[in-house]
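There are 2 protein chains.
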Amino acid sequence: MSSSQRIGVFDSGVGGLTVVKALLARLPSESLVYLGDTARVPYGTKSAEVVTRYSLLNANFLLQHDLKALVVACNTASAACLPALQAALPVPVVGVIEPGARAAVAATRSRRVGVIGTPGTLRSEAYQRALLAADPAIQVVARACPLFVPLAEEGWTDGDDEVVVAVARRYLGELGRGELDTLVLGCTHYPLLKDAIAQVMGPQVVLVDSAEATANAVAQLLSERDLLRTAEPVPPRFFVTDLPERFAAVGARFLGRSVEHAEQVDL
Amino acid sequence: MSSSQRIGVFDSGVGGLTVVKALLARLPSESLVYLGDTARVPYGTKSAEVVTRYSLLNANFLLQHDLKALVVACNTASAACLPALQAALPVPVVGVIEPGARAAVAATRSRRVGVIGTPGTLRSEAYQRALLAADPAIQVVARACPLFVPLAEEGWTDGDDEVVVAVARRYLGELGRGELDTLVLGCTHYPLLKDAIAQVMGPQVVLVDSAEATANAVAQLLSERDLLRTAEPVPPRFFVTDLPERFAAVGARFLGRSVEHAEQVDL
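First to last, the sequence lines map onto chains A and B.
Just so we're aligned, residue 6 is where the first sequence starts under this note's numbering, counting upward by one.
Just so we're aligned, residue 6 is where the second sequence starts under this note's numbering, counting upward by one.
FYI, nobody ran anything at the bench for these hints, they're computed from the structure.
A virtual CB, placed ideally from N, CA and C, is assigned to each residue, including glycine.
It cannot be assumed that every hint is accurate.
[To be verified] Computed, partial: chain A to chain B, Cβ under 7 Å: (1) Pro88; (2) Ala92; (3) Leu248.
[As the list claims (entries may be wrong)] Over 10 Å on every C-beta distance to chain A, these chain B residues come out as not near it, computed from the model: (4) Thr43; (5) Lys51; (6) Pro88; (7) Ala147; (8) Leu152; (9) Glu179.
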C-alpha cells in the first residue's frame with residue numbers, strides 16, 4: 006500500500022458527500038473517489054441483507070480504483086455490514102458509526118446521549134452498541150427521523166423554514182425534554198438540517214456530526230500507517246449508478262461546492 | 006386465457022395498494038397477486054432505463070402466477086415503460102396514467118388540468134401526452150411533490166396536520182391560484198393526502214384519483230374479453246423484495262384493511 010493511492014468513499018446517494026466535504030477539509034491532499042448508489046437509494050428502509058449485498062458491489066467497484074482505504078460514508082451500511090466489508094476487503098475499512106459514537110462519549114457530561122438516524126440504522130442498534138462499548142454507563146435515547154432525508158434532498162433546510170422546524174419539533178420535541186446533553190446526527194444527510202435541529206434541541210445540547218468524526222478517524226489511520234498523501238491536491242472523482250445530473254445538482258449542497266462531473270456506472 | 010386466472014399488480018413499494026384497494030372495491034371476485042419492489046423503492050427519483058429494467062423483473066415474476074392481465078400500479082413505471090411492457094408480455098398490460106388522464110378530461114370544464122407526481126413521472130411528460138391525446142385543447146400545469154411520498158409512508162396524512170398542510174401549501178399554493186378545475190393525483194401514494202390537498206386547492210377543484218380510474222379500466226378490459234371472474238372471492242396474495250413486516254404495517258393504511266401476510270422474494 007502506498008501514500009499515493011486513493012481513498013474510496015461510498016454511500017447510497019448524495020448524503021456521503023458531507024463525509025467527502027469533511028475529508029477534503031481535514032485531508033486536502035488526499036485523492037478521493039466516490040460512489041453514490043443512486044439507482045438503489047435509499048438504504049435506510051431496506052434490510053441488513055439487502056444493504057450488505059449492495060455495499061459489497063459498491064466496495065468491489067471502488068477497489069478497481071487503486072485504494073489504500075475505504076470509507077463507508079453511510080450510516081445504514083456501516084450499521085448493517087462494516088464487519089462483513091472488513092472481512093471481505095484487502096484494504097482498511099472505516100465506517101461512520103464508531104467515530105461518531107466516540108466523539109459523543111467524549112462530549113457528554115450527563116452521560117445521556119441521543120442518536121437520530123434512519124429506521125435501518127437504529128433498528129440495527131449499532132450506535133447503541135458502539136456508545137456502550139465506549140462507556141458502559143452511557144444512557145442512549147434513539148429516534149428515527151425518516152422525513153429528514155427527503156427534506157435535505159429537496160433543499161428545504163433553512164433553520165427558520167416552517168416545514169423543517171415543524172418536522173424537527175415532532176421528531177425531537179420529546180428528546181429535547183430529557184436530560185441529554187449530546188445528540189449524534191447518525192445519518193450523513195442530517196448535517197444539512199443542523200440549524201433546525203439545534204433550534205429544537207436548545208443550546209445545552211452538543212450536536213455530533215459523524216462526518217467530521219469520521220474524517221478525523223481516517224486521518225489517524227493513515228497517519229499511523231504512514232499513508233498520508235503529500236502531493237498536490239487533485240479533485241475528487243464521482244461515480245453514480247443513476248441520474249448523474251440530479252446527483253451533481255443536489256450534491257453541491259452536501260459538498261459545499263460544485264460537483265464538476267459525475268460518471269454513471271452500472272453495478 | 007380464462008376468467009379464473011389472476012390479475013397481477015406491481016409497484017415500487019406500498020403505493021400500489023391504493024390501486025389494489027380500488028380493484029377489490031370494483032371487482033371483488035377477482036384473484037389478485039401483488040408485488041411491491043421494496044428493495045428498490047422509490048422509482049420516482051430513478052431514470053427511465055433503470056425503472057424499465059426493474060419493471061421487467063417485476064412483471065416476469067408475476068407472470069409465473071398464472072395471469073390474465075397485469076396492472077402497472079406505479080405512475081413512474083407506467084410513464085417510463087408501459088409500451089415496453091406491453092410489447093414484452095403475453096398478457097394485456099394496464100397502466101395508471103391513461104385512465105387517470107381520461108378521467109381528468111371527462112371532469113374538466115375549464116380545460117385547465119393540473120398534474121402532481123414524482124419527478125420521474127413528470128419528467129417523462131407521459132401525463133401531458135395522455136391528456137393532450139384525449140383533448141388537444143387541454144392546458145396542463147404540472148408540479149412534482151417529492152415529500153408527499155415520505156409523508157404518506159410516515160403516516161402523517163391528516164387533513165389538519167400542520168406539517169402536511171404546510172408542505173401541500175408550498176407545493177400547490179401557486180397551482181391553486183390558476184384557473185384549473187381538475188387535479189390529477191399522479192402518484193399512487195397521493196390519495197392518502199387527499200384531505201390536505203383538497204383543503205389547499207379549494208372546493209372548486211376536482212381531485213382525480215388514478216387508482217379508481219385504473220380499476221374502471223381493468224373492469225372494462227376484462228368485461229370486453231369475457232374474462233371477469235365470477236367464483237367466490239379469494240384474498241389477494243402479496244410479495245415484496247424486502248422487509249415484509251414494514252410492508253404489512255405501512256401497507257394497511259394504503260389498502261384500508263390489514264395485510265395478512267407478505268412473502269419475501271429475491272429478484
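Hints and how they fare:
1. Proximity of Pro88/A to chain B is violated relative to the hint, the smallest CB-CB distance being about 21 Å (cut-off 7 Å).
2. Evaluation of the Ala92/A hint against chain B yields a violated restraint, the C-beta minimum of about 23 Å exceeding 7 Å.
3. Taking 7 Å as the C-beta contact cut-off toward chain B, the hint placing Leu248/A at the interface holds, the least distance being around 5 Å.
4. Annotated as non-interface, Thr43/B brings its C-beta within 10 Å of a C-beta of chain A; the closest such distance is 8 Å.
5. Lys51/B, annotated as away from the interface, has a beta carbon of chain A within 10 Å; the closest lies near 5 Å.
6. Remark: the non-interface label on Pro88/B is consistent with the geometry, its nearest Cβ contact in chain A lying 21 Å away (cut-off 10 Å).
7. Every CB of chain A lies more than 10 Å from the CB of Ala147/B, the least distance being 17 Å, so the non-interface label holds.
8. Once the 10 Å rule is applied to beta carbons, Leu152/B is inconsistent with being away from chain A; the minimum gap is 5 Å.
9. With a closest Cβ-Cβ approach of about 16 Å to chain A, Glu179/B is found to remain outside the 10 Å limit, as its non-interface label requires.
Violation of the numbered hints given earlier is confined to hints 1, 2, 4, 5, 8; the remaining hints are satisfied by the structure.
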